[in-house]
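There are 2 protein chains.
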Amino acid sequence: MLLKYYSKENLMLLEKKLSTEYESFKKMGFKLDISRGKPGSDQLAVSNGLLDAISSADWEQQHLLDYRNYGLLMGIKECRQMFADLLDVNPDNVIVCGNSSLNMMFDYITQCMLSGAGDGPWFGRKIKFLCPVPGYDRHFSICQYYGIEMINIPMGKEGPDVDMIEEYIQDESVKGMFCVPKYSNPTGVTFSEDTVKRIAALKPAAKDFRIIWDNAYIIHDFSDRGDNLYNIFDALKLYGNEDMVIEFTSTSKISFPGAGVAALAASTKNIEMIRSRMTIQTIGYDKLNQYRHVKFYRNANGLKKHMILHRAILAPKFKAVTDKLEEKLGSYGIASWSKPNGGYFINFNVMPGTAKEVGRLCREAGVVLTDVGATFPYGIDPNDSNIRIAPSYPPVDELMNATRLLCLCTLLAAVRKLLNEK
Amino acid sequence: MLLKYYSKENLMLLEKKLSTEYESFKKMGFKLDISRGKPGSDQLAVSNGLLDAISSADWEQQHLLDYRNYGLLMGIKECRQMFADLLDVNPDNVIVCGNSSLNMMFDYITQCMLSGAGDGPWFGRKIKFLCPVPGYDRHFSICQYYGIEMINIPMGKEGPDVDMIEEYIQDESVKGMFCVPKYSNPTGVTFSEDTVKRIAALKPAAKDFRIIWDNAYIIHDFSDRGDNLYNIFDALKLYGNEDMVIEFTSTSKISFPGAGVAALAASTKNIEMIRSRMTIQTIGYDKLNQYRHVKFYRNANGLKKHMILHRAILAPKFKAVTDKLEEKLGSYGIASWSKPNGGYFINFNVMPGTAKEVGRLCREAGVVLTDVGATFPYGIDPNDSNIRIAPSYPPVDELMNATRLLCLCTLLAAVRKLLNEK
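Chains as they are written, first to last, in numbering that gives the first Met the number 0: chain L, 0 to 421; chain E, 0 to 421.
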């Protein structure tokens, strides 16, 4: 029965039963963590051979290009090609860097702050960014760190609300937008072709409006029928808008989170602006790790094939969690959750006004969730409803215990709230 | 005989002879490069085993800390310890990052521009840096990129002119200084204990005055009796000035230039400021490469022992060049050069007013020198005299050909200049 139809008496009985269950959970002394989109050790194992992909033997002969030495600021040719094929762009429009696409995004926003993106430095000016919500806390942190004002744009089933975006970009101080266009963090939504094309067609008042297209989950499908994301650069070309988007991706969730390879794709003009900063910034990135990846995965197809191994580990975990949510909460009508076709998160919405309480209850019983609110700019979820579940890291038994507790806390918080209101 | 005592007739005869020699050099079609401090392939070979130092076997068992995954923003413990021992500081005051100390310096200056170093952002204000000259062009490029005004501080035998530094720092807009304190690029000078202590004792008007202590050649000696550099942090403690210096180093010229590990050491306050930026900037640096280095070199002593292999390759090259300079130019009194005890460069001073011409003559005969002037801010050598020789990269026979040509061009340019003045 839907919880809202429960009588006060029945709510009180249920509260008592749930409280007892909660207390016994607490006594079990769990230490579980479903907070971060961090691959599990079983996922790292399937890439372990990467560590043997290159060896001293690779450099026992003289090479024309010695990847151990200085040079090749934009990355090694083979690796630029691999990412170009993955992103379906020209290799001349790709730069391959180090192990962190977040770092590349941070560096790009930093460059905009100090040197601008074609219309003067952003520092010292009122700068606003559009942030599809719920979204990725690390994106919000970069904005907050630089004092960039964030504007919430609600996510729908086809991506962010483009009507709203079209309105906001009339304001010249709106300089950019962060997006995770495929298997969006945390909603799991992939932007529809129509959304991508409408975004590509935007005519912002700011000439230096820049979209950070964080394609982190580009090939992170849970089945053969993964979502299709329309190529943003194909769309941009239709509108002569190629300078508006910088696309980022990485192998952090393909090879190793801490020792992968990250890349960006951008228009010729943007590549040149980024390259000229990199010329001053660094002697170049680790080309041996780039080469290691190319030798192990060979090419973009190799990367795609490799993802079948991750899928086999992740898909059952996601199903186990959503099945449990259905089993434990399905009949009460107090929560909803995503069933994504890929990516790293289940988007979980509890009864408005109870998410922080659910977080507290979980934490006190030994289960760490992503900080409740973190999926919104400034950590403020206006409905206090959104919780991000990251099922990848814990082993299945731990994940199930954490999910059981989460369901219990979700129901308990809802029951108590309804009781308070009666 | 010193060239200045040559008669006009003898100068003309010499000019004719040298011109003929130069033309035949040109016909040989050399393509030689002594421009960059880049290790040769023989040097890379002695670290080639680094590529086998870790393998899939390292991660076949479950680890408490999995260096393949996210985490450990400040670097892995063993590697922080290795650099702490190398720099003779506490590991808590060390951060180990990626493959480029230049990138770390760039990021630090960027941080000062946007967030400041304790007294507000530097952006938009008149900022000046002191630059010991001749110095490292990449340091100057960072300043120039950010519009930081550079002030030349002449280098002497004990380091930069500290009297001059003491005077300039009375100006509150003087916010920092770049130094290569050991085997300085390009002079080869190591700052004396007295210089280090006087620098440590500085009382700048700017509260946020910061010295970039680029200890790039910390263990890069050519003999057992390498130069000793007094520990800057020991000196800073004497004056309660620990926040004034950020020290950088790397294994770029110990392991691989493109795939080494870089680190910084700083006061607790500075570490905290840098860490809080890194928290926003990145998911962490490549810990597997850090671990690879620790497994291969074991510890700071291992790094030091390894440098004996580099020394065996580099010392003879340096000696061959300085011997040739002596043989070809010693009697003319028109040029002088350093005989460093370590590092990567020979500092070569030609007759004032002829360095650019020497560079042009060399280039046209197929030998690339470091851009003449690049050893000074804005590329302007006020005496047009300084040339940086980087002997490490070419094989010995090529290096000797390049040196012969350099001597010839140096003499030819001097002869022509004297003739013009007669």
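Do not take every clue at face value.
One copy or two, it doesn't matter: identical chains are merged, so the pair holds either way.
Stated by the list, open to error - Result set (BS3-like, lysine-lysine): computed pairs, CA atoms no more than 30 Å apart in a straight line:
1) K294 <-> K37
2) K421 <-> K30
3) K37 <-> K7
4) K206 <-> K125
5) K202 <-> K26
6) K76 <-> K30
7) K416 <-> K25
8) K76 <-> K25
9) K30 <-> K206
10) K327 <-> K304
11) K16 <-> K323
Note that these hints are calculated values from the structure, not bench results.
Review point. Under a CA distance limit of 30 Å, which applies to K327 and K304: within one copy, between copies, both, or neither?
Key: So K327 and K304 fail the 30 Å test inside a copy (35 Å) and across (63 Å) alike.
Review point. Is it within, between, both or neither when you check K421 against K30 at 30 Å Cα-Cα?
Key: Answer is neither; intra-copy 35 Å and inter-copy 88 Å both fail.
Practice item. Could you figure out if K30 and K206 sit no more than 30 Å apart (CA to CA) within one copy, between two copies, both or neither? Key: neither (50 Å within a copy, 46 Å between copies)
Review point. Between the shortest in-copy and the shortest cross-copy C-alpha distance, which are at most 30 Å for K37 and K7: within, between, both, or neither?
Key: neither (42 Å within a copy, 78 Å between copies)
Review point. For K416 vs K25, is the C-alpha pair at or below 30 Å within one copy, between two copies, both, or neither?
Key: Within one copy, since 21 Å is at most 30 Å while 89 Å is not.
Review point. Given identical chains, is K294 near K37, meaning Cα to Cα at most 30 Å, within a copy, between copies, both, or neither?
Key: For K294 and K37, both the intra-copy (25 Å) and inter-copy (26 Å) Cα distances are at most 30 Å.
**Study point:** Homomeric proximity label, K202 with K26: Cα distance no greater than 30 Å
**Key:** neither (58 Å within a copy, 59 Å between copies)
Exercise for review: Indicate which option fits the pair K206, K125 if close means a Cα-Cα distance not exceeding 30 Å: within, between, both or neither.
Suggested key: Both: 15 Å inside a copy, 28 Å across copies.
Point to revise | Homomeric proximity label, K16 with K323: Cα distance no greater than 30 Å | key: So K16 and K323 pass the 30 Å test inside one copy only (19 Å; across, 92 Å).
Review point. For K76 vs K30, is the C-alpha pair at or below 30 Å within one copy, between two copies, both, or neither?
Key: For K76 and K30, the Cα distance is within 30 Å only across copies (24 Å; inside one copy 45 Å).
Exercise for review: If the cutoff is 30 Å on CA atoms, where do K76 and K25 land: within, between, both or neither? Let me know, please.
Suggested key: neither (55 Å within a copy, 34 Å between copies)
Going down the numbered hints, you'll see the structure goes against 2, 3, 5, 8, 9 and 10, while the others check out.
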